[in-house]
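Chemist: Listed below are the residues making up each chain.
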Amino acid sequence: MMRISLQPRSNVSLNARIIISIIAALAAFALVAVPVSFAGVSPLTAYWLMFKGSFGSMFAFSETLTRATPLILTGLAAAIAFRAKLWNIGAEGQLYAGALAAIGVGSGLLSLPAPLLIPAVVLAGIVAGGLLMVIPALLKLRFGADEVVVTLLLNFIVILFVQMLIEGPIKDPLALGWPQSVPLVDAAAFPKLFARMRVHGGLILGLVAALALWIVISKTVLGFEIRAVGQNKAAARFAGVPVNATMLKVALISGGLAGLAGVSEVAGVKGYLSADLSPGFGYSGIVVAMLAGLHPLGVVLAALFVAAVFVGADSMSRATGVSNYLADLVVALSLLCVLVGGFFLRFRLKFERAAVPVQMGE
Amino acid sequence: MMQSKGQAEKGSVVLSLENITKRFGSLVANDDLSLSLNRGEILALLGENGAGKTTLMNILFGHYVPEEGTICVADDAGVLHELPKGSPSAALDAGVGMVHQHFTLAENLTGFDNIVLGTESLWQVWRSRAALRGRIEAIMQESGLTVDLDVKTAQLSVGEKQRIEILKALYRDVRVLILDEPTAVLTPQEADGLFVVLRRLAAKGLGVIFISHKLGEVLAVSHRIAVLRGGKKAGELITADADKRAIADMMVGRAVPPLQRNPSQVGSIILEFDRVSLKRGSMRQSLNDVSFAVKAGEIVGLAGVSGNGQSAIAALISGLETVDTGSVRLYGEPMKTNDPRALVAAGVARMPEDRQHDGVVGSMSVAENIAIEDLHSKEFQTAGFINRKAMRERADHGIKAYDIRCQGPDAQARLLSGGNIQKLILARVLERSPKVILANQPTRGLDIGAQSEVHQRILAARDRGAGVLLISEDLDELFALSDRLLVVHTGEVTDAGAVEGLDRGSVGMMMAGHSAHAAGEGRI
Ligand SMILES: Nc1ncnc2c1ncn2[C@@H]1O[C@H](COP(=O)(O)OP(=O)(O)OP(=O)(O)O)[C@@H](O)[C@H]1O
Ligand SMILES: [Mg+2]
Chain A
1 MMRISLQPRS NVSLNARIII SIIAALAAFA LVAVPVSFAG VSPLTAYWLM
51 FKGSFGSMFA FSETLTRATP LILTGLAAAI AFRAKLWNIG AEGQLYAGAL
101 AAIGVGSGLL SLPAPLLIPA VVLAGIVAGG LLMVIPALLK LRFGADEVVV
151 TLLLNFIVIL FVQMLIEGPI KDPLALGWPQ SVPLVDAAAF PKLFARMRVH
201 GGLILGLVAA LALWIVISKT VLGFEIRAVG QNKAAARFAG VPVNATMLKV
251 ALISGGLAGL AGVSEVAGVK GYLSADLSPG FGYSGIVVAM LAGLHPLGVV
301 LAALFVAAVF VGADSMSRAT GVSNYLADLV VALSLLCVLV GGFFLRFRLK
351 FERAAVPVQM GE
Chain B
363 MMQSKGQAEK GSVVLSLENI TKRFGSLVAN DDLSLSLNRG EILALLGENG
413 AGKTTLMNIL FGHYVPEEGT ICVADDAGVL HELPKGSPSA ALDAGVGMVH
463 QHFTLAENLT GFDNIVLGTE SLWQVWRSRA ALRGRIEAIM QESGLTVDLD
513 VKTAQLSVGE KQRIEILKAL YRDVRVLILD EPTAVLTPQE ADGLFVVLRR
563 LAAKGLGVIF ISHKLGEVLA VSHRIAVLRG GKKAGELITA DADKRAIADM
613 MVGRAVPPLQ RNPSQVGSII LEFDRVSLKR GSMRQSLNDV SFAVKAGEIV
663 GLAGVSGNGQ SAIAALISGL ETVDTGSVRL YGEPMKTNDP RALVAAGVAR
713 MPEDRQHDGV VGSMSVAENI AIEDLHSKEF QTAGFINRKA MRERADHGIK
763 AYDIRCQGPD AQARLLSGGN IQKLILARVL ERSPKVILAN QPTRGLDIGA
813 QSEVHQRILA ARDRGAGVLL ISEDLDELFA LSDRLLVVHT GEVTDAGAVE
863 GLDRGSVGMM MAGHSAHAAG EGRI
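Chains as they are written, first to last, in my numbering: chain A, 1 to 362; chain B, 363 to 886.
Quick caveat, the hints were computed from the structure, so don't treat them as lab data.
Warning: the hint list may mix true and false statements.
Said to hold, decoys possible - Footprint (simulated), chain B over chain A, 3 or more residues, beta carbon under 8 Å:
no., region
1, 51 to 60
2, 211 to 222
3, 237 to 250
What the hints assert, rightly or not - Derived list of chain B stretches under chain A, where covered just means 3 residues or more per stretch with a C-beta under 8 Å from a C-beta of chain A:
no., region
4, 686 to 695
5, 702 to 710
6, 744 to 758
Positions of the beta carbon are idealized from the N, C-alpha and C atoms, including for glycine.
Construct the entire structure; sequences and hints are all you get.
Modeler: Next up, the structure:
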């Protein structure tokens, strides 16, 4: 008789983690092949069309990068918070808060030249997102309120608040009745990176943020303290790490990054604020961070992957008529596969024969 | 052949480990080890910190998979069966029970639920608590282990939690019970209680392996002693023929030097508690009008049965608590309470009582854990950027000076053996020539060689002019190191005076709550 047992592995190399992530993504595509076949399209054709739709041309690639930009930022927001075991589920709300602040500062309130106005808009968005995340962090530190619940519910409050504003005080009178805000002035708009392409300066901000966050986490005292607090709060406190201050800094950085994502969407893509600014970038950021194993540079790759799946699925769906919900399926299954993969990183499966009696000497 | 039907007779082999080898990378934690255990036998497993004791027991219980070797456990008839490797459930089925040094109880469940947890089918719709309870009560009766089953585990003392752990193992009908340093966290009284239980269980045929660094209790309770050294078996002794020296020689390979003790050069007061009171939820954390002082150049021992207020005193000096009334003064100034970093900066060395929980961040490296208190010093950072090279150098030095057995400065702290984690903490706090030392159970879990080294270091710090508050449950340690003794009982501290004029009997009486005067009369 065979029996299967799990054996813990003592150490896990970075290579193994990258390989597992790639295998997980491939496994997700293999699984999604089943529903695609049922939809009457050959999976290989569908995947080829997806690939072409996301990387097949300069234009397609630009679209993928445009979609990846907010995901990098919200992915970083989740990654840093989760490192400190601060469960920020509120990146969606912080994104809207950042976008709102960008409109507040950049729609005519300040009349500055672009080199000054853009930093002002960016800063306003970061501060708004950061402060919004400080509320649940303070409630957690002061009263032990569960930040998962508070950040999640804040999302609805912020989004409803934004909806109220764009139906009222900041509604654009020239928008033919559409509920959208007054537009950003031209000097506040992010420059495009290439002519006639949508990809914009927000991408550079995202890449810089990823690099900076990686440096902070791995090379600075603050990063050391964040890791210590996340991994053993009691020992960190005993050793004199300022646990509460560190948590608040993490909250500010995390919320600020999500707020920056909102600025980037308004100033880089839309030019105004509307209730459909984000198709759930805040929530997808959590998936991106998990796929990346909470590594800031991994977040860039994971965001690119998720963006490519969404952009590719849209294009494939237009060509074949297969629903683009497929993209959600691929991303969700990738996450599940990565989680399963993480399990196999920590444990090794072993098959062996069951116990047999041993003869003992007299 | 041992094929007799029914119960195998006492004295037959119940467990045999053969040629076990386990490597972690280049480190050989167990090197071709063989060991056997008989029914009804208490086997003590001894060895230096990092000798491989816990590793061997983890292999036996299926947590680790050895590279080589076999494990056999006898069934009811006494026939040995090979155990599949790396399977705790197979080990449990075969009747191997383990009480880990760090408890594995669900704190939010009652003792009852913890004991039956995992033994019932998931598909069962309802259960008969009465029947299960009857069974547990029978086991309690038989073994002499009594504990309140209906209290949430979080509210129990360490000794009670351990009783639950043992009951949990017995409930699963074990043939072999493994206890990894069970007495390290027990008061001497609780330890004596445990030994009574172990003897009774052994008399009923259970095989017991227990790991300890305390030679006195090993000699008192075991039948046989096996000694590990550097992953190999250094030898076995029948307890009746053994004495402390013989065991120590076998463990360390050399004689442990006796303590060098110079007369103390007492200076001015550096740490003072002035009518400190503190009330927290449980009695363990409360102090009632406590006053005492520690002078430079002296070691003040704090004797007491654990849970009488030691943790509150330690928490205050560690910067984790604030007084309700009264004051704590450091070098004559009011001490900044509730601020560990300020205390570190002021030259206070603090050892945490629970090293796993408060001492190290397990997933960070040895170097990071040694540097963590000093993170903001010029040595380890420039403009907020960490200086890894300096951290590694400090760690290299600490590893050598304190003989921390690990794979190097970059090894994760959680992979160190229990005693080596303690050495890491000592390297962290003692290396910076502190002026005040809170030595909280400084040698808990250390082997005898390391113990004497730590004692020597504490004495050296005192000779250098540091004031030491030594909290310990070990009267031998208190008497060997202290210049003066305090006794704490139910949150009140009495000064017992210079150690020279004291005897253990009277200190014991004071620990039990008798006044110094009465205790003094008891001496005559
Ligand atoms: N998972 C692991 N990975 C790497 N090294 C390990 C691992 N587990 C244990 N070790 C190393 O193996 C050696 C033996 O450790 P073990 O815990 O068995 O010692 P021990 O005899 O129980 O010591 P102590 O008395 O201090 O508890 C130590 O050097 C330890 O650092
Ligand atoms: Mg051990």
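Chemist: Determine for every hint whether it applies to the structure shown.
Modeler: Status of each hint after checking the structure:
Residues of the region 51 to 60 of chain A lying with their CB closer than 8 Å to a CB of chain B number 0, which falls below the three-residue condition for coverage. With 4 residues carrying a beta carbon less than 8 Å from a beta carbon of chain B, the region 211 to 222 of chain A meets the three-residue requirement, and the given coverage holds. Coverage of the region 237 to 250 of chain A by chain B holds. Counting CB-CB distances below 8 Å, 6 residues qualify, and the rule asks for three or more. Taking a C-beta to C-beta cut-off of 8 Å, the region 686 to 695 of chain B contributes 0 residues in contact with chain A, too few for the three needed, and the coverage statement is violated.
Proximity of the region 702 to 710 of chain B to chain A, defined as three or more residues with a beta carbon under 8 Å from a beta carbon of that chain, is established by the 4 residues found. Residues of the region 744 to 758 of chain B with a Cβ under 8 Å from some Cβ of chain A number 3, which satisfies the need for three, so the listed coverage holds.
Taken one by one, the earlier hints fail for this structure at numbers 1, 4, listed in ascending order.
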